[in-house]
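Trainee: Single-letter residue listing:
Number of protein chains: 2
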Amino acid sequence: MLEEWLHAHVERNSSRPLQHQLYRALRDAIVQRRLTAHQRLPSTRELSMQLSVARNTVTAAYEQLISEGYLYSRHGAGCFVSDAIAETMVESPPQRHKKTQRNTTAAPSKRAQSALAMAERLSPRRSAGAFVPATPDLRHFALNDWQRLVRQHERQAPWQWLDYARGAGLDVLKQSIAQHVHVARAVNCAPEQVIITASTQQSFDLCFRLLADAGDLLALEDPGYTGTHSAALACDLRCAPIPVDDEGLQVGAIPPATRLVYVTPSHQYPLGVVMSLARRQALLQRAQRDQFYILEDDYDSELRFSGRPLASLQGLDENDRVFYLGTFSKVFFPALRLAYVIVPPAWANSFTQLHDRFYSHGQLAVQSALAEFISSGKLASHIRRLRETYRERNDYLRELLTPLIAQGWTLLGGDAGLHFSVLAPQKIDDVGIAERAAKQHITLRPLSPLYWTRKKRYGFMLGYAAADKRELKHGVGILLALLQE
Amino acid sequence: MLEEWLHAHVERNSSRPLQHQLYRALRDAIVQRRLTAHQRLPSTRELSMQLSVARNTVTAAYEQLISEGYLYSRHGAGCFVSDAIAETMVESPPQRHKKTQRNTTAAPSKRAQSALAMAERLSPRRSAGAFVPATPDLRHFALNDWQRLVRQHERQAPWQWLDYARGAGLDVLKQSIAQHVHVARAVNCAPEQVIITASTQQSFDLCFRLLADAGDLLALEDPGYTGTHSAALACDLRCAPIPVDDEGLQVGAIPPATRLVYVTPSHQYPLGVVMSLARRQALLQRAQRDQFYILEDDYDSELRFSGRPLASLQGLDENDRVFYLGTFSKVFFPALRLAYVIVPPAWANSFTQLHDRFYSHGQLAVQSALAEFISSGKLASHIRRLRETYRERNDYLRELLTPLIAQGWTLLGGDAGLHFSVLAPQKIDDVGIAERAAKQHITLRPLSPLYWTRKKRYGFMLGYAAADKRELKHGVGILLALLQE
Chain W
-19 MLEEWLHAHV ERNSSRPLQH QLYRALRDAI VQRRLTAHQR LPSTRELSMQ
31 LSVARNTVTA AYEQLISEGY LYSRHGAGCF VSDAIAETMV ESPPQRHKKT
81 QRNTTAAPSK RAQSALAMAE RLSPRRSAGA FVPATPDLRH FALNDWQRLV
131 RQHERQAPWQ WLDYARGAGL DVLKQSIAQH VHVARAVNCA PEQVIITAST
181 QQSFDLCFRL LADAGDLLAL EDPGYTGTHS AALACDLRCA PIPVDDEGLQ
231 VGAIPPATRL VYVTPSHQYP LGVVMSLARR QALLQRAQRD QFYILEDDYD
281 SELRFSGRPL ASLQGLDEND RVFYLGTFSK VFFPALRLAY VIVPPAWANS
331 FTQLHDRFYS HGQLAVQSAL AEFISSGKLA SHIRRLRETY RERNDYLREL
381 LTPLIAQGWT LLGGDAGLHF SVLAPQKIDD VGIAERAAKQ HITLRPLSPL
431 YWTRKKRYGF MLGYAAADKR ELKHGVGILL ALLQE
Chain R
-19 MLEEWLHAHV ERNSSRPLQH QLYRALRDAI VQRRLTAHQR LPSTRELSMQ
31 LSVARNTVTA AYEQLISEGY LYSRHGAGCF VSDAIAETMV ESPPQRHKKT
81 QRNTTAAPSK RAQSALAMAE RLSPRRSAGA FVPATPDLRH FALNDWQRLV
131 RQHERQAPWQ WLDYARGAGL DVLKQSIAQH VHVARAVNCA PEQVIITAST
181 QQSFDLCFRL LADAGDLLAL EDPGYTGTHS AALACDLRCA PIPVDDEGLQ
231 VGAIPPATRL VYVTPSHQYP LGVVMSLARR QALLQRAQRD QFYILEDDYD
281 SELRFSGRPL ASLQGLDEND RVFYLGTFSK VFFPALRLAY VIVPPAWANS
331 FTQLHDRFYS HGQLAVQSAL AEFISSGKLA SHIRRLRETY RERNDYLREL
381 LTPLIAQGWT LLGGDAGLHF SVLAPQKIDD VGIAERAAKQ HITLRPLSPL
431 YWTRKKRYGF MLGYAAADKR ELKHGVGILL ALLQE
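Chains as they are written, first to last, in the numbering used here: chain W, -19 to 465; chain R, -19 to 465.
Okay, chain W solo, but in the shape it has when bound (with noise of 0.2 angstroms):
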């Protein structure tokens, strides 16, 4: 059925390029759901053969399709069509209480299409328990004293600050940020450079809609964070894949034309690795070499346990090729919405007029109680307190995982932030293993599905700083058990 649709819908003689034609006709069956969730597709050789096209023609297709996130390649066993697509791109409308149903095709755009692709590899999220990565301890944040703060900080709003807001964040927030940022993370900056976002996706968005065009080329760490590949695409980036190994990002891997680069290298996302000195060094010397621009996502990086951190690239960087992101949701939660992009002196005019054109999103009253936060020390110590906090869960979880160590699973980035991740010695379904947890209510991020195109390593991360020790042991008991299965 699949080679009648090729056949019907790739034409030899066009003088669009095969490999394009192939790639539409095998995304439109799968959003059309002609292809069901994960049924594999016949090998390049068999397809080639099928459609008497050269393999290349295939392969190159294939590829496309994996890395928009239509299809998922498991080693050896070929490719399948993701189960992400036949839940998102194909509506199952809610119910409704006005018209019947007249108008069912509801298509999105192709650029949200492929951005939704890339959302829905993540698994549903719950917000505390074992391992919820990238989470704080929401359940023991103290609420109240900050909820106090913020209302002192209210009582003192002067009314003008009702209306939009203007200039990219209040004045004594970007100066406390600055002076943060500079003793935590070596972090050289003016206040003005401060660009307070509500999020480090909105970060994300000033970013690739600033400093590229549609059809730039952003390099994306591999394995990495969907949000970031996912934000791309919506903004109409073009992405390109870069391996990561034991010292972070391998540089040589950039493409020529990069316009942008993006880079966690204080705690890589997933793996937890630290990029390297001679590879920062590397990297930045690229940069200025083929004036590209490098996305700095530091995002966890304060809560560190051991070892002395190495600068961050904004620290090194001569140049001004470097824009810095952070954000408060780890050190304080997510739903304060508020994080920030450090970018170039030049850059801080045109990203500030940006940013209040289309957020302008004000909480100035919170931005306010956040500045008499950070400048009266309070966030140090509150993050002293986080660190302690999170460095007895991170010892306890490693203890419990003994077991798996000497089965030769490694741990990989366990120095600093909420998660680390351990890595299976052979490949194992581990998005299988993260499905079965699920029902059992325990939340694995498998990482395989985090891996592109390139070869893929499988385990899991392992978030341990939103669960207590009972959740932890529980957890860790389910893991072993289901790996035994």
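Hints are not guaranteed to be accurate.
The list makes no distinction among identical chains, and a pair is therefore deemed to hold if it is satisfied within one copy or across any two copies.
Once the Cα atoms are required to be at most 25 angstroms apart in a straight line, the calculated SDA-like pairs of lysine to any residue come out as [said to hold, decoys possible]:
1. Lys358 to Arg131
2. Lys358 to Arg135
3. Lys419 to Gly147
4. Lys90 to Arg266
5. Lys407 to Ala262
6. Lys90 to Arg146
7. Lys90 to Thr332
8. Lys435 to Gly412
No lab work stands behind these hints: they were computed from the structure.
Here the structure of chain W is known, so what remains is to put chain R in place on it, guided by the hints.
Mentor: Below, chain R alone, put in the same frame as chain W:
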């Protein structure tokens, strides 16, 4: 000098169309400050002779530059370089702490440049006083009562509300909004169709990315709201201006391949005209025939002083072509950061998913408080009070403007909203007058820059909601004096 530059950059034998080359060469000259702000360009006739190209080619290049905000035209006087560009595009880097200047070439992407050029057409904002448009009375908002309600909801908030929010808004708020717009605006929807956003700008962004791909055509009102245009350019849409007359948007002028149409049918921005029922029906029919979607921005129509409002387009739509945009910025205050899009049923799923991926902005206690405010009937009585206050100010301002009307000026759109417009009987320098008024702390938004390439009209938007009687009187005094000069 311009002639030499163009001779050097426009190649008659190139494969690239002359019109595009000319457009690029002129744009580069503007961005690189080879042309200064308000510099007059040669007429299309002069330039076509100098370069030996068809006059149509020059006209087309000029029109593109006008529509993107690089040039502006004054009727009869020719084309001029926009001053927005001089300030926005050529960076003046802020003070630096860290390094000496190395890289001052910080040229934003093309899409950001065009979006910013649009943005800068707006005058600097004041938050109150005569005649700040599109702004409610922030100085008299009952903030204490509101904050008390928010605190009650904060106290009852589950800890999960500290996490990333999912589902594009709280269900209770969606229900309240669905009821409210049904009663107030004859909008028919199920709660699931309501997507809660942080602002109308965010609603635009969602619609533009989900409903259109880069290069798709958006038809916009001419004159119209620059915020929509700017958001569209940042999403790589092409924009087509459609003239507005006394019945609203001229539906016949919508180009054939249009993907989206943006309208403000209840109170056209900026003119204030109400779209006639015949036009509404024609627009809905065209949408169904040509399969485009309509974005109906109903930004301030809840505040209606006289006459019965026409039903919303959404309420008339039988074919799921309308996306209805509303906001609480006008009846509450802009910093509340709550707006919404009501989408056709089949789109609810993809909108929710894209929203969760990119915004998930939360503020759930505020959402919960607002839901109670609406469902308890407090919003309805709040709007009734506002309507009384604004009606009085509207009446008073009309009275003050009697001398202007006697001189042949026309008042448009005074039946609803936060502003009306006054149109001069002949061409006046509305931009220059607004600049002089700004020096006396009076905000006049000139109408002529809100027109694109079409026949302009001259006059001002006059906001009356954010000014008390004393301020309105003072403002009219200054306006009349400036007009006599």
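Trainee: Looking back at the numbered hints, which does the structure fail to meet, lowest number first?
Mentor: Per hint list: single violation, 5.
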